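In terms of the numbering used here, the first sequence is residues 1 to 921.
Hint data in this document are derived by calculation from the structure and do not stem from the laboratory. You can trust all of the hints, since none of them are fake.
25 Å max Cα-Cα, derived DSS-like pairs, lysine-lysine:
(1) LYS343 / LYS261
(2) LYS834 / LYS796
(3) LYS602 / LYS16
(4) LYS636 / LYS602
(5) LYS876 / LYS865
(6) LYS795 / LYS677
(7) LYS261 / LYS204
Ranges between beta-carbon positions, derived for each pair:
(8) ARG403 / GLU878: 38 to 48 Å
(9) PRO793 / PRO623: 33 to 43 Å
(10) GLY875 / ASN784: 15 to 25 Å
(11) LYS103 / LEU256: 34 to 44 Å
(12) SER33 / GLU649: 20 to 30 Å
(13) GLN914 / ILE812: 17 to 27 Å
(14) SER33 / ALA307: 47 to 57 Å
From a predicted model like this one, the values you see are computed outputs, not experimental measurements. Glycine included, C-beta positions come from ideal geometry on N, C-alpha and C.
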Amino acid sequence: MSEIPKAYEPKAVEEKWYQFWLDQKCFVANPLSTRPAYSIVIPPPNVTGMLHMGHVLNNTIQDILARRARMDGKEVLWLPGTDHAGIATQVMVEKQVRKEEKKTRHDLGREEFLKRVWKWKEKHGDIIIQQLKKLGSSCDWTRERFTMDPEYSRCVQKVFVDLYKKGLIYRGKRMVNWCPATLTALSDEEVDMEPQKGSLWYFKVEVAGMPGTFLTIATTRPETIPGDTAIAVHPDDPRYAGLIGKQVIRPLPPELQLEKKLIPIIADDHIDPKFGTGVLKVTPAHDKADFEIGQRHKLVPIDIMNANATMNELAGEDLAWLDRFEARAKASEMLRTMSALVKEEPYENKVGFSQRAKVPIEPRLSEQWFLKYPAVDQARTCVAQEQDGNPPQPDSMRFHPQRWAKVYDHWMTHLQDWCISRQLWWGHRIPVWYRKSAGGSPAPANSQARPADIWCDVNPPADVENWEQDPDVLDTWFSSWLWPFATMGWPEQTDTLKKFYPTTDLVTGPDIIFFWVARMIMAGYEFMGEMPFHNVYFTGIIRDKQGRKMSKTLGNSPDPLELIAKYGADALRFGTMRSAPLGQDVLFDEKDVELGRNFCNKLWNACRFRQMQGGEVQGEIRPQLLTSDDKWMLLKLDQAIRDITTAFEQYKFNEATSTLYRFFWSEFCDWYVEASKAVLSKTAGGTSPDETSQMQRANSLAVSDFILSHALRLFHPFLPFITEELWHGMGYAQDMPEDQGGRTILFAPWPKPFENDFKEHYGLDDSFLDIVNAKYDLVTQGRNLRRAGNISPGKKAKFIFKPAGDIAPHDIDVIKLLLNAESLELDPNYQPAKGTPTVRTNLGELCLPLDGLVDVEAEKARLKKELEKIESEIGKAEQKLANPSFAQKAPPHVLEEHKKRLAEWKAKLEHVMQQMAANGQ
RNA sequence: GGGCGCUUGGCGCAGCGGUUAGCGCGUCUCGUUUACACCGAGUAGGUCGGGGGUUCGAAUCCCUCAGCGCCCACCA
1 MSEIPKAYEP
11 KAVEEKWYQF
21 WLDQKCFVAN
31 PLSTRPAYSI
41 VIPPPNVTGM
51 LHMGHVLNNT
61 IQDILARRAR
71 MDGKEVLWLP
81 GTDHAGIATQ
91 VMVEKQVRKE
101 EKKTRHDLGR
111 EEFLKRVWKW
121 KEKHGDIIIQ
131 QLKKLGSSCD
141 WTRERFTMDP
151 EYSRCVQKVF
161 VDLYKKGLIY
171 RGKRMVNWCP
181 ATLTALSDEE
191 VDMEPQKGSL
201 WYFKVEVAGM
211 PGTFLTIATT
221 RPETIPGDTA
231 IAVHPDDPRY
241 AGLIGKQVIR
251 PLPPELQLEK
261 KLIPIIADDH
271 IDPKFGTGVL
281 KVTPAHDKAD
291 FEIGQRHKLV
301 PIDIMNANAT
311 MNELAGEDLA
321 WLDRFEARAK
331 ASEMLRTMSA
341 LVKEEPYENK
351 VGFSQRAKVP
361 IEPRLSEQWF
371 LKYPAVDQAR
381 TCVAQEQDGN
391 PPQPDSMRFH
401 PQRWAKVYDH
411 WMTHLQDWCI
421 SRQLWWGHRI
431 PVWYRKSAGG
441 SPAPANSQAR
451 PADIWCDVNP
461 PADVENWEQD
471 PDVLDTWFSS
481 WLWPFATMGW
491 PEQTDTLKKF
501 YPTTDLVTGP
511 DIIFFWVARM
521 IMAGYEFMGE
531 MPFHNVYFTG
541 IIRDKQGRKM
551 SKTLGNSPDP
561 LELIAKYGAD
571 ALRFGTMRSA
581 PLGQDVLFDE
591 KDVELGRNFC
601 NKLWNACRFR
611 QMQGGEVQGE
621 IRPQLLTSDD
631 KWMLLKLDQA
641 IRDITTAFEQ
651 YKFNEATSTL
661 YRFFWSEFCD
671 WYVEASKAVL
681 SKTAGGTSPD
691 ETSQMQRANS
701 LAVSDFILSH
711 ALRLFHPFLP
721 FITEELWHGM
731 GYAQDMPEDQ
741 GGRTILFAPW
751 PKPFENDFKE
761 HYGLDDSFLD
771 IVNAKYDLVT
781 QGRNLRRAGN
791 ISPGKKAKFI
801 FKPAGDIAPH
811 DIDVIKLLLN
821 AESLELDPNY
831 QPAKGTPTVR
841 TNLGELCLPL
851 DGLVDVEAEK
861 ARLKKELEKI
871 ESEIGKAEQK
881 LANPSFAQKA
891 PPHVLEEHKK
901 RLAEWKAKLE
911 HVMQQMAANG
921 Q
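Given only the sequences and the hints, what does the whole structure look like? Please build it.
Right under this line is the structure:
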């Protein structure tokens, strides 16, 4: 690194190294490698999506895991790809077609429309991939997959056929969640319940044959009255006991003949007598619960709505063709007009909304394909085993944080069959054909069809001209749930599968635990006979400063690419990780990214400082020349390595970043680098240095190089770009063995905690922590004295030091330097003048004589305050030690610490008392 | 109706049985000293949501209350 700029400039560095890594094929996984495997499959982003903060969090974590594993000697596969995202993509393209050509997809026709979608995909599909690269993601891009790739589609079909033949997939006319906007069925998971303000209408119906006898019914949906096929009460409800079996006259539609309006009064346990009047109108075609009641009582549903949620002619001439909400108002009006309306009260209930289209879904009776989930027991128990502190089983899956296991388990025990067909065009076509009827017209594609008239296979029937393929496509998740193995070449037994399946970690958001994670686990067991991953890390959800979800409409979602341009990718990664505790939502604040940038700059400049000291990389450290600060620093590095290793084991990345931050900034830069200047200054500027000083200088630089080369490696998973730049710039790459990446830091060995031999060789015993801590205590307090004496930090000051014991010359030099002292006179017998600020530490007393400037009153006040604090602490400590139970039950080391602390406070007390006496206080 | 999470200095968070409760931002005061003003030195600011309990010892464990937020659930 010849001339280092003063500030780190990320842009060029990021582009340069990312290209370098790609050129060197650093991210390419070799399935034939003998190294232990480490693998992750990416949660495939929507192919037409744009990178948002959620992706940043998610993929940064995956990248950290992958990079750390690589350095740890693993053969790493991080498998990337994208998802075709059925509804989302189709809606997007439909919108575009409507805007640009004023046409609907039906105007274009299926084939032509799909061409447009593919075109859209070609144009926009690469954007998110490029954005992931900007983040630094070390995916094996040679293996990029798309859920609509031909091979992948083949897997999806094979799985469908397989499950069909096992009898787990069936077709049936059922109640489904129907989206009237996108005109397709949805799974339960695609529906969000949201509170809606509306009304509860009470209306009365007359009992047939009993003029003047009325029943009052409460409903939120009067427009569905024409679809009512019964009135239900609870069997034990005494109010209506005598009426069960009789009929009532349904008020709507009014134009029907009387006998067509008669519907029975039935009894069913589902009815809650306490709700409303205890009488329920049963609309089997438009309510899930009513449908089931209908089934139990063999009621024939009356479907009074069209697919787009307008009413049809069965709703009667007044309501037909009205939108459901208009019809609701109209129906209540009609009831009022015919004096059937008893009352209307405001009411709030929860209504299911289509997650994509944001409109209320309509429960609708329709012919759909359903899946009975496979391998449920295995999928459930492999995670459940980990609950409640049970010891980890070798063949079990861990959720991080664990609480999600409970959520998972609850869902797994209440599984409903999965509606997998969608009335869309963009997606995997259902591999089912129906035999055309004799006339060649479309077959009656319903569940009553004879088996011989249904062909389910990966390949179309031989006489395909006599068959018609099912028009529907599969739910997007029906392809994503195969992701971990379908991306690895399944159903062939590929080398990749053998080496990398099951994958090691999955990193994803808890919002898709049911959509994706649970289903992948079941698919893994069903088709691979094994779990798809060993660990699942659930990230938090990124929110804005006020805790709101990121959303386009709120405009509170920052563009990660802008942040990268402004602060650098490393800064974005570091800032995000530092503020994202395991499993907790993250309130995003740009300040965090700024912090990341500042940190990168600090790292940059610390290296720059080392570089300015000149000389080659110093490999050899001579134990006999190590100063107390050197040893302290090495011990701190060891501790940092240990802490980070633990943090990684627990997936606590925010702890890892905080540890690194503190280690590098506070311990290395603020203390060690500053202290090392005491050594370096002796030999700076060509001042006829003696040989010893030169050796000490070299040794100090060797320690710096040692620390920096370790620090860069520890930082690399978090800050890939800047660490690679510095790794090469500092020359540390040269010391490493040549590898596939041309000495890139990617494959530099991950630092390990020091061995005991190492510690002994360099004399690293923990007593140096105490020595240096005491020294720094002295410096800190000394800096405080400046304040007491009103001497600014830049001004040189004369200190006098009364050492408590032996002290190394080096330590004196450091103290002097860090105090910015003009002189530091050692005088064991010094008697400070009245009012001279002094402090006491374990190393001795430090005085700041202020000739002529002594402010006795100020010093008296300072001492008084000090005394109060000390006395309070001593009081607390003594009370504690005086407690016999404490002495008896507390562990010895705790006891020792308390005693030690008390002794220290007492020594301080004595010192303060002396000072006060000297001041005549 | 069930389940889960959160509540610690002005703000955002760590800490989850044992040092004088930490960190970042912000505040205030100084400051161009051998890297860094994207910086340095220092300062103020907290009885850890309320109450009760367990313990020699609780921010940390238990109970309870309150507030906020999520998820699940066929009360029309």
